[in-house]
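Please put together the full structure from these sequences, using the hints given.
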Amino acid sequence: GDEIVIAPTAPASERNSHEQFDEATITSISGNTVGLSSPLSYAHPTVNGTWNAEVLNLTRNVQIEGTGQNTASPTANGRAHILVMSTSPQSIRYAQLRHLGPRVSEGSGGTDGVTGRYSLHFHHNGDGSRGSLVEGVVVRNSGNSAYVPHASNGITIRDSVAYDGWENPVWWDPPTPRNGPSRNSNFTHDSDSIVLDRMVVAGVQTGGSGGYRMAGFTLATGTNLSLTNSVAIGVEGRIQTSGFGWLEQTNVNNMWTFDNNIAHNNVQNGIFTWQNLNNEHIVNKFVAYHNGDAGISQGAYVSAFQYFDTFLYSNGEIALEQHAGAHNNRNVQRTDGYTMVYENLQTNGPLVVRKQGVPSSRPVLFHNCSFSHVEIRNVGDGNGNPAKLDFVDCGLQPEDFRITSMVAGSQIRVQNGSDAFSIGANGQASSIAAFHS
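Each residue of the sequence shown is one higher than the one before, starting from 5 at the first, in our numbering.
Please note that the accuracy of each hint is not assured.
Unchecked claim - Listed next, with one range per pair, are the computed distances between beta-carbon atoms:
{"#": "1", "residue 1": "Glu252", "residue 2": "Gly399", "range": "49 to 59 Å"}
{"#": "2", "residue 1": "Ser230", "residue 2": "Leu40", "range": "34 to 44 Å"}
{"#": "3", "residue 1": "Thr79", "residue 2": "Asp404", "range": "34 to 44 Å"}
{"#": "4", "residue 1": "Glu252", "residue 2": "Ser112", "range": "20 to 30 Å"}
{"#": "5", "residue 1": "Tyr46", "residue 2": "Ile436", "range": "50 to 60 Å"}
{"#": "6", "residue 1": "Asn372", "residue 2": "Ala437", "range": "49 to 59 Å"}
{"#": "7", "residue 1": "Glu7", "residue 2": "Glu110", "range": "29 to 39 Å"}
{"#": "8", "residue 1": "Ala433", "residue 2": "His128", "range": "52 to 62 Å"}
The hints are simulated quantities; they were obtained by calculation from the structure and are not laboratory data. Cβ coordinates follow ideal geometry from the N, Cα and C atoms, glycine included.
Structure, rendered in structure tokens:
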């Protein structure tokens, strides 16, 4: 009698692969064999012999619902919302929240979520929410963001699902105003601020707005934030959308533990970042497969991101898209001087390097990485300042680089074992001394 949904795993080249969710009802269970009410409409193949389709159980015997037809139309849906403003911790466990999160019509002919009216919204509880637990919850057919722990500390959300809704499912407001004495009013920060673990966001719709920079998980403002063992699937949108997104509105105090997360079958990117940050961000064990554009699209101008043990498989035409230069900051703990780093990154696609927007004396480091080839579309900023890239033990040879444009003085250094060479702005390779130990 339980309703389940099986996630898509089809290649990104297959039209509308991000929409290939199968819904069914369990009719029988015998050992590890589960009978379903109807045949599946789509194949859900194992990917690279490693990753299987997620299966989500949507049924809960506690239900809190609005009314609706599961459309974006405000007139066809009577969506409610849950607002928590309390000085006491809350426990919300194993409930289904359906048809919540109101929407309104907007001038362009599309619809938009109502500000402050989300499916489950902890609003400015500060330390009062410390110890709150959201566990085993399903938010389904939400018209607005699903989980919003907004300026509320000490909340754990685990083993929970957001399925088939609109807007950024996991999100909270950026600082308001952007500048000035009150800009910290929306921060979420505590010794154990927000813990998101074993969450799945699946089937995220735009509502006709185009979904500019929409993400399954928006890694928003705060400190001591944690996102682990979670999956983003089927995020729609046309411009810079992603399974996981760091945006420039969170340029200050945006510190996350990001470990063992997966993004697949999203329309555009697995991860999209667009920040200029002084603090280091460490991404561990990230997997992205069958996303429509890039596994990782890294921006904006200068960054201090470090990626470790990353696997990017069959993502559109690009495995990794590198927009950003390395940040010259003092907050990074590495002893080798690098601030923008990829270590143990394995792909079966190309690295594409676009404009490095701000010059840096520190190169971007690619260490023990694999790419089908490297496309240098532009290295250097719009003011004619050079930039640098280092490749160490990536097995690359001069013929693996396809260079469109490099600002004079830019440099690519490559080291395989003890052998090293550099490629200058003219595209010519020259032997150099080993530069990395």
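Taking the hints in turn, this is what the structure says about them:
Under the hint 49 to 59 Å, the C-beta atoms of Glu252 and Gly399, about 34 Å apart, miss the expected range. Between Ser230 and Leu40 the beta carbons are some 35 Å apart, a value that agrees with the proposed interval 34 to 44 Å. Range check, Thr79 to Asp404: about 56 Å between beta-carbon atoms, so the 34 to 44 Å window is missed. In this structure the hint that Glu252 and Ser112 lie 20 to 30 Å apart at CB holds, the actual value being about 23 Å.
Separation of Tyr46 from Ile436 is about 51 Å and conforms to the stated range, judged on CB atoms against 50 to 60 Å. Range check, Asn372 to Ala437: about 20 Å between beta-carbon atoms, so the 49 to 59 Å window is missed. Between Glu7 and Glu110 the CB atoms are about 32 Å apart, so this pair conforms to the stated range of 29 to 39 Å. Between Ala433 and His128 the beta carbon distance is about 57 Å. The supplied range of 52 to 62 Å therefore holds.
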